[in-house]
Amino acid sequence: MLELDSITKRFGEAAPALDALSLRLARGEFLSLLGPSGCGKSTTLAIIAGFLDPDAGRIRVDGRDVGELPPRRRGLGLVFQDYALFTSLSVRANLAFGLEAQGVPRAERRRRLEELARRLDLGGLLGRSARSLNMSEMQRVAVGRALITRPALLLLDEPMSNLDAHLRQRLRTELKQIQAELGQTVLYVTHDQAEAMSMSDRIAVMRGGRLQQVGTPEEIYHRPVNRFVAEFIGDPPINLVPCTVRPGTGGAAVSSPLSPASSFQPGLSPMQGEHLLALRAHDIRAVRAPGGAAGVPAKVRFVENLGAQHVLHVELAGSLVRVVTTPGLAAEGDTLHLTADLAQAHLIEAATGEVVRASGRRELAA
Amino acid sequence: MPDLAAARRRPALTLLKRTAVLVAMAISFFPIFWLFSTSFKPVDEWASWPPVWVSRHPTLQNYRIVFFPEAARTFAEAQKGSLDYKVSGSAWRAFGDSALIATASTALSVLFGTLAAWSIARYRTGGASLPLQFLSVRMFPPIAVVVPIVAMFSVLRLSDTYLGMILAYTAFTLPFSVWMIRSFIEDVPAELEGAAMVHGLGRFRAFLHATMPLIWGGLLATALFIFILNWSEFLFALVLTSGKVITVTLQVANYVSASSGKLYGVQAAMGAISTLPVVLMGYLIQRHLVRGLTFGAVKR
Chain C
0 MLELDSITKR FGEAAPALDA LSLRLARGEF LSLLGPSGCG KSTTLAIIAG FLDPDAGRIR
60 VDGRDVGELP PRRRGLGLVF QDYALFTSLS VRANLAFGLE AQGVPRAERR RRLEELARRL
120 DLGGLLGRSA RSLNMSEMQR VAVGRALITR PALLLLDEPM SNLDAHLRQR LRTELKQIQA
180 ELGQTVLYVT HDQAEAMSMS DRIAVMRGGR LQQVGTPEEI YHRPVNRFVA EFIGDPPINL
240 VPCTVRPGTG GAAVSSPLSP ASSFQPGLSP MQGEHLLALR AHDIRAVRAP GGAAGVPAKV
300 RFVENLGAQH VLHVELAGSL VRVVTTPGLA AEGDTLHLTA DLAQAHLIEA ATGEVVRASG
360 RRELAA
Chain W
0 MPDLAAARRR PALTLLKRTA VLVAMAISFF PIFWLFSTSF KPVDEWASWP PVWVSRHPTL
60 QNYRIVFFPE AARTFAEAQK GSLDYKVSGS AWRAFGDSAL IATASTALSV LFGTLAAWSI
120 ARYRTGGASL PLQFLSVRMF PPIAVVVPIV AMFSVLRLSD TYLGMILAYT AFTLPFSVWM
180 IRSFIEDVPA ELEGAAMVHG LGRFRAFLHA TMPLIWGGLL ATALFIFILN WSEFLFALVL
240 TSGKVITVTL QVANYVSASS GKLYGVQAAM GAISTLPVVL MGYLIQRHLV RGLTFGAVKR
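Residue numbers (numbering that gives the first Met the number 0), protein chains in the order written: chain C, 0 to 365; chain W, 0 to 299.
There's no promise every hint is true.
As the list claims (entries may be wrong) - Taking beta-carbon pairs under 8 angstroms as the criterion, some of the chain C residues facing chain W (in silico): (1) 48; (2) 69; (3) 77; (4) 105; (5) 220.
Hints listed in this document are in silico derivations from the structure and should not be mistaken for laboratory results.
Cβ atoms here follow ideal geometry from the backbone N, Cα and C, with glycine treated the same way.
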């Protein structure tokens with residue numbers, strides 16, 4: 000459907016904004032381009048849309064090289080962050096804009112407009128001025144305007160970043176439903192990992208103009224390839240605990256403040272030096288009194304109340320570690336005993352930031 | 000009770016501020032008052048000493064001289080020997096010429112200004128320095144370019160023609176157009192044009208359909224501003240014409256007599272009439288005028 004082939008873009012002398020980016024979207028796929036601001040995701044979108052020319056590389060939509068085509072001939076729909084509705088026009092005129100521009104006959108225009116209005120539940124808005132809409136209505140109209148020309152690919156540029164959390168939740172579901180119903184291929188640009196996780200078939204994580212990892216939300220969450228991806232995905236953020244690794248026969252021994260008695264990990268290729276143990280907050284168990292297997296004692300510094308669960312920030316060897324618990328387990332100042340499930344941990348080489356051993360979760364699940 | 004002190008201090012300050020404003024306004028408005036007052040004075044009060052502030056024998060004679068050649072000739076005849084007034088061309092023609100030149104060059108200036116401003120605002124045409132280069136043209140004292148233009152125009156046979164004046168005024172006001180319109184365009188999100196382009200329009204039609212509807216007010220303000228500049232221009236008109244084309248400002252200067260200099264009352268009448276459209280337009284666009292005067296630096 001969409002193929003990006005080593006797209007490079009440079010603004011001035013600095014490091015390239017996009018460095019040989021290659022990406023493929025299958026038909027009907029919902030792929031999120033995820034990364035912090037300045038990672039190149041918006042540049043990527045502008046290049047696909049045809050607002051920017053890449054310095055090198057190819058863009059194909061439906062197998063057709065669109066690199067030389069103006070935006071209107073690329074077969075795209077686009078929803079902007081601020082929706083960019085034509086405020087001087089009615090909702091109906093906004094929706095019909097693409098069809099009119101393409102010279103679609105009036106009868107066909109009306110038919111498609113009605114069908115789309117029904118699907119997006121815009122029937123009651125058609126006569127209103129685009130100026131008078133609220134955020135959620137604006138979003139639906141913007142999506143409608145982009146979909147009415149039946150684009151091969153729908154691009155969305157952070158369409159939820161101006162909304163409050165509540166509305167965002169609701170629109171996420173709406174958008175995903177529409178996409179699934181239509182089987183629409185979508186490229187969704189966002190810096191919000193929760194949005195990407197909840198809607199995408201696959202996520203492409205970007206940083207500094209480079210693709211870090213492409214995979215399903217499960218893969219990205221459970222098997223990050225490096226420290227950046229591990230830290231960027233997940234809420235509460237993943238714990239990174241310094242540890243040392245000593246190679247042995249047929250594996251290596253890992254010791255960290257979480258597991259002072261060094262535990263032997265079979266199959267780990269021998270290596271030495273500073274590493275980080277990356278462990279999700281819910282893969283650490285906290286109990287008030289040490290049970291059979293004695294845990295590591297740690298003091299609760301801060302309790303984050305999320306309602307159904309609490310995130311405890313506990314002090315371990317001078318740094319804070321996040322632990323998810325049921326409400327009411329501990330208060331500030333209490334001492335808890337922690338046990339970590341090292342099978343769920345990733346081992347990250349401190350110097351390179353690369354994950355050298357991913358967690359066993361996938362094998363366990365399989 | 001502490002409020003009392005503050006309340007006592009504040010009126011004094013307010014009074015001071017208001018007085019300052021009143022004084023400033025009096026100074027600014029005095030020439031305009033004098034213009035209108037003089038335009039109704041009979042001949043012997045034009046330059047009398049002590050000055051006559053408001054005439055006790057107001058007359059419309061000055062206006063009649065401006066508008067009716069017959070009245071001008073009668074006046075010249077009556078004042079023969081004392082004023083030696085040589086009847087100049089009709090004021091009607093000056094109004095006609097000025098209207099034509101000012102309107103045409105305003106239209107051209109706003110048209111080219113819009114195109115240039117769009118290109119600069121949306122596509123960074125000419126890089127960061129081009130808008131400043133436009134501005135630097137305005138830093139030139141007009142007198143510095145007048146002589147080369149005279150030479151150029153005589154070679155191109157544009158001297159004393161409508162086309163020549165229109166070209167000169169268009170070139171002269173284009174920097175204002177570009178700067179003002181650029182600021183209006185930049186107030187409209189570029190995404191609108193992006194949306195129009197992705198969903199079916201070419202670059203220029205995207206501008207026309209997405210951005211233009213939102214900047215009409217700004218374009219109108221720019222046009223009125225430019226029109227006022229053109230209408231009141233004197234230097235170029237003086238140097239680039241020699242009788243075939245005559246503007247309102249030149250006509251004012253035409254009311255002179257050989258023996259005793261300027262016909263103040265008639266000049267005042269002509270000035271009062273030609274000021275009216277400018278004052279009216281200035282009033283209509285006062286909200287946008289500040290922006291024009293600061294080259295669009297002030298955002299609404």
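### Task
List in ascending order the numbers of the hints, as given earlier, that are violated by the structure.
Failing hints, ascending: 4 and 5.
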